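> Chain residues, written in single-letter form:
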Amino acid sequence: MCDDKNPKMNSPQWSRRELFRSAALAIGATTLVPTIWIPKRIFADTLNQWGAAKHLLILNADGGLRSPSLFNAKVGLQWNPHVDPMGNNTQPGAKGTKWNVGAIFSNESIPLPLWGDEEMLPPLPAVSNSITVLGTVTHEPGAALGDGNHFSAKRRIATGFLNGEDGLLTRIYQHHPMYQGKGFDTAFPPVAIGAQARLFASAAPGNGVFRPLFFNGPQDFQNKGASAVHIDRPKWALELEAASDQRFVASLSPRDQQIVGLYVTAKAGIDRFRDILKHPMLRLGENPSLEPQLQSNARLMEVFGNGIWGGRVALAIRMFQLGSPAVVVGAGNYDTHSNETTELPPIAVDLGRQLAALRYVLPKLPHPSGGTYWDHTVISVVSEFSRDNVELTTGLNSANGSDHRGAQSRMQALPFMGGPISGGGFYGETSPQTMEPIDNDDVFHSQGVLAALLQSIGVPTVDFFPENPVPQIFGG
Amino acid sequence: MNRWLPIVVRFEFALTLMIGVGTWVGCEPGGIDPGGPVHLDQDGGASDIAASVDALAVCAKLEFDNPIDQALCPQLQGVGLSPRYADPYSVCRRLAIDFLGRVPSWNEVTSQCVGKSPAEVLDVWTTRDEYVELARRRFADRFEYNDGIVYYQYIVALDALVQDLYRGKLTYDEFVIEALVAPAYTMRHFGESRVSRAFQVFLGRDAHGVERSDLQRLWTMWVPMYAVDEDFDFGLEYYEATVYTSFCTPPYDELFCTSHFYGKHKVALEVANPLLFDDPANILSLDELTPAQWEILKTPGKVLTTLPMFHEYAVTEALNRLLGWDAATRLPEVRQSLVEYFVGPAQLDIREVEKVIASSSLYLQVPQPADDVVEPITGEPARWRYSPRKVMEVETWMDSVQSITGYGIGRCDPRFAYVRGGYINNVYQYVDHEYPVADPNNNAPDMRYADVARLLGGCPDHYESFRYTGTGVVHTLDQESFIQQMCWSPLAGGLSPGGAFGVWEKPSFDLPSLNLAMTHWTRAAWSREMRPEEVGFVEGLAKACGEKGAECEPETLLPHLCTAMLKTAEFYHY
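Line by line, the protein sequences give chains A and B.
For the first sequence, numbering that gives the first Met the number 0 puts the final residue at 475, and the numbers step up evenly by one.
For the second sequence, numbering that gives the first Met the number 0 puts the final residue at 573, and the numbers step up evenly by one.
Since the hints were made in silico from the structure, they are not lab data.
Only a predicted model underlies this, so the values are computations on that prediction, with no experimental measurement involved.
Here a beta-carbon is modelled for each residue, glycine too, at the ideal position from N, C-alpha and C.
Do not take every clue at face value.
[Unchecked claim] Quick look at which bits of chain A chain B covers, simulated, 3 or more residues with Cβ under 8 Å:
| hint | segment |
| --- | --- |
| 1 | 68–77 |
| 2 | 118–126 |
| 3 | 243–249 |
| 4 | 314–321 |
| 5 | 401–412 |
[What the hints assert, rightly or not] Where chain A lies over chain B, by a calculated footprint (3+ residues, C-beta under 8 Å):
| hint | segment |
| --- | --- |
| 6 | 360–371 |
| 7 | 380–394 |
| 8 | 453–463 |
| 9 | 549–562 |
| 10 | 565–572 |
[Stated by the list, open to error] A few chain B positions that, by computed beta-carbon distances, are all more than 10 Å from chain A:
| hint | residue |
| --- | --- |
| 11 | 141 |
| 12 | 148 |
| 13 | 265 |
| 14 | 475 |
Using the sequences and the accompanying hints, generate a full structural model.
Here it is in structure tokens:
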């Protein structure tokens, strides 16, 4: 019975089950081979602007932003019905702007008394030459219709794939050079802010350890009293916990020791982040005294405002200052199926304000590696799709809104800005009448856009994004 | 109910349960050939053919009430080994977490569990709402409930079906047949996704391209139509599930409404007016469907339940979930025995399958590996010879913390991610839900529990977040924050001794008080008595804190002890 101490792996006597299993594996491997081995590209594709930035900020306008009305505005009234009192659906931009600025944006400056007596926040049209726009970003180039399903389209923009499981921030946490080796335990993670950013922080089973930080918003840092993580614990309590863990882990199998050990190790790593998250600059609802180069919380909130975006974008800036390389901020709801003429303008104006505010604030924040945060940051706005199904004369559906079920909703007009980007550019022109691309070579895969954004902060994408990164986001 | 414990094993296990104080009493492995450990081939069976025959002969003489134990016999008793049972306290904790969704109270351990067989315990615990609640949560994930996408009443109805399944009112097959045409399913998934999701949930794999394109025709007539719930002043918009019979007007029914891949099946109803596609008479609401029409519409489930892997996956899912590892693949004979039990004596009652698993030696084993059976290639202890450690799900962990501290911030409603509402008589009202109520004037839900759970990977909305089991610094930081909140809440003590801990009135660092506190917390958090080394720790702490100048503050003894115990790995894992 137990007459052989050597494993039976060399025995030629396979059972029937073993033979069938081997055959099944062979068949399965053959079936899989075409899927695995056919490369999307023959050569590695890396941007010239690889690692040009140290920070990436993505604003996710959740629900399906009617982006042509903002960033590709010179189209027929059917496709951009948001007009000024004179009936124009565009407005002049700053000198050097090649894209058409929507009339929906405010053109009024906002006083900033906390920054100085004469200080004003310029409106977005005044800084439009800092922004480059791609007018034909789509999930499926060549497809006649768009993906009008929120469920799947959100996944596409958050993960790069129809059925993707690893969000963009999870990819960054897993592949960014700063998190390799010991960096994983010490470097500040990527951050998702707002429920509408949650999918960007999703992780496939097995990748839970790469899940980034998530915060609902500034409110997560308010009233940090007894419920906070910064209660100092006495030595006896720490010893009790540590001794218990040590005994428990020692009693386990080697396999389980590894799994349970992750938890014990993670607890040990909390201390560093606990101190970081106690920093007063995160309490944006208060105005504690801070070092001058950080700028005060009050000043930040004055610039970004109190709309659906302001507090979250301000928090994102703080995360950069704590060392995070990437933040996704989500806000919404831009899914304007009805009453769009009243619902969209305020939240479009707020979104415009964030871009203008970032252009204003980031150059005023010195970066630890020299220069300013503007020099080292790439910023983008994304959404799951655009909108359509609108009447010719009104540009709206029967509920005075717009939908996402046809061909036109597949083309998003998305803005990009930041120090490494040459602003003012426009790529991907569309027909004013049909919204179809003028040049089919000027259509940009959304995954390629995401790849470019990741490569801009030095994340290699060749192993998980088959699409080529889109260099046009850098303008020029 | 069949009590599937072998006679021999039942005696040993009952003896173990009855003794169980502090010391571990398990079954010593017996009859091991002094020549060395048994080596297994990759099927997990004994590699020596002659030994296999002997093993079967041995097993033929034994009686087993549990089909898993019977299937496992050739590898265990058949080769002279014995199951290695965990101590009853560990077993009780394991059973409570898996079947009640929280750690057991000490009273539950001592009065409802220790001294009884697992089958007896589960006969009671599976009748509790907590057991059904676990199933509701699982199926909320599988069906991806989201009341922002699907009409909330549809989700209520599908959830009711799940409850019927786990209260024994439906067989598993009946449940699946109903569920796949429930509006919460047909209005959540469309086109090929209806096939894809059904396969993932009930067959454990995605449908391949041909299956998706073929079988989706069984759902062709299900169409969402814009509707308004008139119970609200301005109406509550939603997509109503309707049966658009025109889509299957002959002869197009052969093309669009007939599946062939698993036999020819047509799902088409008589079209009232075949000449006018959009004739309202051709569009049937749920209320208008007759029982005979429903029988036709239920064809997708009927096809699925006849597939050979259908019952196999049902038991596979339960087996792997309860054991915490892929036992179904590694022990196909066990899986097969469960399938035969499921379709036979259990009469398609999925609860019986779970009870049988949790009463088997596979589930009841100690978590320490044995060196008497090794894997052939790696030489590591055989995977099936010991019970793995599992990690509590998020809601289970939160509910356990809340039940121990006596303080809570509520619960999630597995059906509703958001809770819909609308104006009724000019007052905004939320629909009935199972969250705590934040404002009784409008039934507003208290989402504090859900907010914390979603940070940790639970209470997903199945739209922007999905369930995950996290680890890492970030996740642990969020856990610590929750524990601190529970342990320092006013009810839990804070600066007021006693409170919900209620064990003593004046905690201090003298030895009797510390012994009392540690005994209470060891029982509450770890479901056992203190071990000698822990007794020694308490004595040392009492002595150290008794010395002049020691920084031991009685006022904060309880919250700090609470935090320490609830942060241990032994609490989080089971």
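> Each hint should be assessed against the structure and marked as holding or not.
A quick look at each hint next to the structure:
1. 68–77: Since 0 is below three, the answer is violated.
2. 118–126: Since three or more residues must qualify, the claim that chain B covers the segment 118–126 of chain A is violated, with 0 doing so at under 8 Å.
3. 243–249: Holds: 5 residues of the segment 243–249 of chain A have a Cβ under 8 Å from chain B.
4. 314–321: violated (count 0)
5. 401–412: violated (count 0)
6. 360–371: holds (count 3)
7. 380–394: Since 5 is at least three, the answer is holds.
8. 453–463: holds (count 5)
9. 549–562: As far as the segment 549–562 of chain B goes, the hint holds, because 7 residues have Cβ atoms under 8 Å from chain A.
10. 565–572: holds (count 6)
11. 141: holds, 15 Å
12. 148: Check fails; 7 Å does not lie beyond 10 Å.
13. 265: Residue 265 of chain B clear of chain A: closest Cβ-Cβ about 28 Å, beyond 10 Å.
14. 475: violated, 4 Å
The structure fails to meet hints 1, 2, 4, 5, 12 and 14 from the earlier list, while all remaining hints are met.
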